[in-house]
Every structure is written in C-alpha cells, then in structure tokens.
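Chemist: These are the residues of each chain, in order.
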Amino acid sequence: MFKALDPLLHSELRLAVMSLLIGVEEADFVFLRNKTGATAGNLSVQIDKLQRAGYISISKGFNGKMPRTTCCITDEGRSAFAAYVEALRGYIGK
Amino acid sequence: MDNRIPTATESLELITRMIGETRKQVEKSSHRPFLVWGYTTIVVTLAVWYAYTATHSNAIFWLWFAIPVVGWLAMWLTCNKEKQQGYVRTPIDRVLSHIWTVLGVAGLIVTIASFMRPIPVLFIIVLLMGSGSTISGLILRLQAITVAGCAGIVFSLLFLIVQGIDQCLIFATIFLVMMVIPGHIMQYQQSKNQSHV
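So the sequences go chain by chain: A and B. If you count the first sequence from 1, position 32 lands on 32 in our numbering, and the numbers rise without skipping. If you count the second sequence from 1, position 54 lands on 54 in our numbering, and the numbers rise without skipping.
Think of the hints as simulated: they come from the structure by calculation, not from any bench. Certain hints may be false.
[Stated by the list, open to error] Restricting the straight-line Cα-Cα distance to at most 20 Å, the calculated cross-link-like pairs of lysine to aspartate or glutamate (EDC-like) are:
{"#": "1", "chain 1": "A", "residue 1": "Lys65", "chain 2": "B", "residue 2": "Glu13"}
{"#": "2", "chain 1": "B", "residue 1": "Lys28", "chain 2": "A", "residue 2": "Glu86"}
{"#": "3", "chain 1": "A", "residue 1": "Lys60", "chain 2": "A", "residue 2": "Glu86"}
{"#": "4", "chain 1": "B", "residue 1": "Lys83", "chain 2": "A", "residue 2": "Glu25"}
[What the hints assert, rightly or not] Okay, the calculated bits of chain A under chain B, using three or more residues with CB under 8 Å as the criterion:
{"#": "5", "segment": "6-19"}
{"#": "6", "segment": "22-29"}
{"#": "7", "segment": "33-44"}
{"#": "8", "segment": "50-62"}
Virtual Cβ for every residue (Gly too), placed ideally from N, Cα, C.
Isolated chain B, as found in the complex (with noise of 0.2 Å):
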C-alpha cells in the first residue's frame, strides 16, 4: 500500500476491508483466554482432588491459589508474544478485560473467605465465571460462549447436592464444558475462516 490517490469505490472498499482487518484481529485472540483459564483451572483442580485424596490433608487446599498466580503468568507471556506482532485494543476488549477483572477479584475473595468460614465456594465460583461467559457470549456475539456460560450456570447447582472432595471432578468437569469446549470451537471456526481468506 502506498500514496496513491483512489478512486470513489475504491476508497469505500478499502475502508471496509481495513475495518473487516480490524475484527479479524479480534476474532483471533479471543479465545486464548477460555483456554489458558480453562486448562489451568482443570488441572490445579484435579491435582488438589488428587493431593487431598492422597493426603487427607486441609493444606492441600491452597494449592487452589495456584489458578490466579499461574492463569496471570499464562495470560501474560501469551499477550506479551501476541503484542510484539502488532498490538491493538478494541472497546469490547476493555469491556471485556473490566468484567473478568471483577469476577476474578470477587472468586479471590469468596476462596479467601472459604478459609475463614464454611461457604459453598464452588458454586460462587461457577455461577460467577458461568456469568462471566455468559456475558462474554452475548457481548463477543459467540453463541458457543453463551450456551457453555448458560450451561454454567445451572451446573453450579450440582454444587448444592454432592458434597466432599468429589466436588472438586464435577468442577474440572465444568470448566471443560464451559471454558476448554467452547474455546476449542472458537479457535477452529476462527482457523477456518481464516484459511477461507
């Protein structure tokens, strides 16, 4: 591309494929973040399920702690890589990144609470991040998101029912439909479309 002056058309049709670059670039980015949280949490949640069937042992239990430190470092080294081939931040990704900030922040607190009182802290837990990828579905306009989110949701009610360490497989279980699956979808239907180009 360069300084030429172009016609009427051409002017329109440049506009709309800069602006059509513009939401590839989005497309192609936004599922990393259901996939690093998603894979992170199944397994610290299955090596805590494991540890404590192993151990018997309530110190186990801040190994959950291990999602928030080790999904950040995740996120970042990922961004950081992504940034160095051309950085761009759209509204939806500020309102995006604001609502999971929140969520986050709020299941930090309810596990931090957990430890002082006995709370059903798994279920917070999901119905927060089920409301998150609700939300994020809706906004991103991925039906995957939204029904894996809905799904969420309403699992988070198993939560009320079984009780013990077991908890702990019905959560991994969750975060693989509502996180792992539906970031899966997305990076396939974004590589697909991506090779139609």
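This is chain A alone, in the form it adopts within the complex (with noise of 0.2 Å):
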C-alpha cells in the first residue's frame, strides 16, 4: 500500500523551495527565484501557500535601501519533507 503524498509538496515549483531551503537557515526571495527558475508572481503565490500550511516562515526586511523577503523552514516543513521523501521512497522501491 503506498503512502499518500502530501499534495502541498508534490508539485514541482513547491518541492523546490522546500528542498533548497532544507538544507539552509533562510534564503531570500531573490535567491529562490534564481535556483527555481520561476516567475516572481507565481514563487510568490507558492511561497504564500507554503506560509500558510505552516511549512515555511517569512521574514520582511531590507538589505540598504532595498525590501528583501527572507524565507525560513519550519519544523513542521520539516517533518511535512522527511514523510514526503519517505512516501516517494515507497512509489520508486528504494
């Protein structure tokens, strides 16, 4: 029986963000969009879904005289990660 995947992280723009910022502190918006890829509108849309299912946290600030979003995985982003890398396991036979 396979594990349901969490459908608020598989989708691909959404997996992104979480995997790039698993490994880090916090990484800003600007960062993000050039790893991913994506358009600034739509990483903000997907930022914003992931805020409010509690698996990120952000932070406004300014660096000099420019705004800068700063994104942070939460511990619940955390575990969300770990059971969704451990249900792929399961489809893939690894």
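Using the hints, build the complex out of the two chains.
Modeler: In structure tokens, the structure reads:
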C-alpha cells in the first residue's frame, strides 16, 4: 500500500522551494527565484501557500534600501518534507 | 519551473538537484574571506614594515589597526553586492562566522595588549588564525585550507626565533601561504566545477 503524497509538496515549484530551504537556515526571495527560474508572481503565490500551511516562515526586511523577503523552513515543514521523501521511496521502491 | 505535478522519480531528482544548488552556492563564496583577509593583512603588514624601516617611529605600529577596519569594510562591500544577487545562510556559514568573530576579537585584544606589555603578538596572531583556518578547512572539508592552516600553526614558531621588524616579512609570507594561496585554489576549483555544469 503506497502512502499518499502530501499534495502541497507534490508540485514542482513548491517542492523545489522546500528542497532549497531544507539545507539552509534562511534564503531570500531572489535566491529562490534564481535557483528555480520561476516568475516572481508565481513564486510569490507558492511561497504564500507554503507559509499558510505552516511549512515555512517569512520575514520582511531591508538590504540597504532594497526590501528583502527571507524564508526559512519550520519544524512542521521539515517533518512534512521528511514524510514526503519517505513516501516517495515507497513509490520508486528504494 | 512551474506548478506541474512531477512523477515520483522526477520529484527525487528535483530534490537532489536543488540540494546540490544550495551546496554550489555555499562553495561559490567560501574562498572570499580568505582572499579579502589574506590580501588586506599582507598589504598592511608590508606597509608597516616599509614605513618602520624608513622612519623608525613606533607610531607606525598603529597602522596594524587598519587590518580590521579595511578587512571588515571590504567584507561588508563584497557581501552586500552578493546579497543583491540572492542571499542564503547555511548552518555552516553561522558556525564559521562565530568561529572567526571570536578569533578576530581575540586577535584584536592581543594586538591592543601588545601596546601595553611586550608580548609575542605575531606568534599569537598566527597561532590563532592558523587554528581558525584549520578548523574552517575541516568543517568545509577543504584539504587546501586545512593543510595551509596547519602550516600556519607550525610556522608561528618562527616568531620565537626571528626578532625585530623583519618578523613582518615572515608574517606576510605566512598569510600568503595560509590564506591567499588556498583562497585562490578554492576559487579555481569552484570556477572549474561551474564550467563543468
């Protein structure tokens, strides 16, 4: 019996964002956009979904005069990511 | 990248690729502190040596404080420029930042103390910075930095043998070996890895 995959993580862009954040303490919006190649609008929407699910936390600040949005993964997000990877292993038999 | 639903295999590949991207980002800037602090120290040290040799004035030694001032300014400028292209902070960044801050403050206190009491300041500074480089190399798993740091620790003993203003020349040479050369090796390896992607 396969475990159900978390629908929030089972989307290319949201999974990419979580994968980038899993190994770091924090990363800003520009870093995530550069690495995913997503549009700013789409990335913003997906980050908002992850935040509302409690998977990431967002803080707003400034880098000099430029506004900066910084994201970091929460404990809940870390657990959900681990569960997602575990479920994936079941699907591909690893 | 969009909101497509990936297959299980694609998901795992995506996770692996993105984690690799983060590691690349960390490697991309890890050589910078070594080059900034290495070159700053060498230039200031040679300036101190040249000025003292020319004037024999003890006031020249206040120039040592140009190292933290110029170094921090150069680091702030380069970090700020990089942050505009995307900012990321890893647990390794935090650990290394704490280690170098503590060692930097210790170095500054030793330098201030050397103006009050005669102490082998360059010996202590090289010992501290050599330890910092070795620890950084071990954490980052970069052999060039680890070996260079160990070399710095061993060469610090030279300051107990050689005396006088010529210690500055040894100090500059050790920083070349301990920070600048491994910094350029890291930079070369990183650019080689990037060109293979």
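Chemist: All hints are to be evaluated individually against the structure, with a verdict given for each.
Modeler: Okay, the hints, checked on the actual structure:
For the given pair, A:Lys65 sits about 38 Å from B:Glu13 by alpha-carbon distance, which is inconsistent with the 20 Å threshold. Between B:Lys28 and A:Glu86 the CA atoms are separated by roughly 31 Å; this puts the pair beyond 20 Å, and the hint is violated. Taken as a hint, the A:Lys60 and A:Glu86 pair is broken in the structure, with Cα atoms around 33 Å apart against an allowance of 20 Å. The hinted pair formed by B:Lys83 and A:Glu25 meets the criterion: a straight-line CA distance of about 15 Å does not exceed 20 Å.
By the rule of at least three residues with a Cβ nearer than 8 Å to a Cβ of chain B, the coverage given for the segment 6-19 of chain A holds, with 8 such residues. As drawn, the segment 22-29 of chain A meets chain B at 7 residues by the rule of a beta-carbon pair under 8 Å; at three or more, the given contact holds. Using a Cβ-Cβ cut-off of 8 Å, 7 residues of the segment 33-44 of chain A lie near chain B, which meets the minimum of three, so the contact claim holds. Here the segment 50-62 of chain A counts 0 residues with a CB under 8 Å from a CB of chain B, which misses the bar of 3, and the coverage is violated.
In summary, the structure is inconsistent with hints 1, 2, 3 and 8 from the numbered list given earlier, while agreeing with the others.
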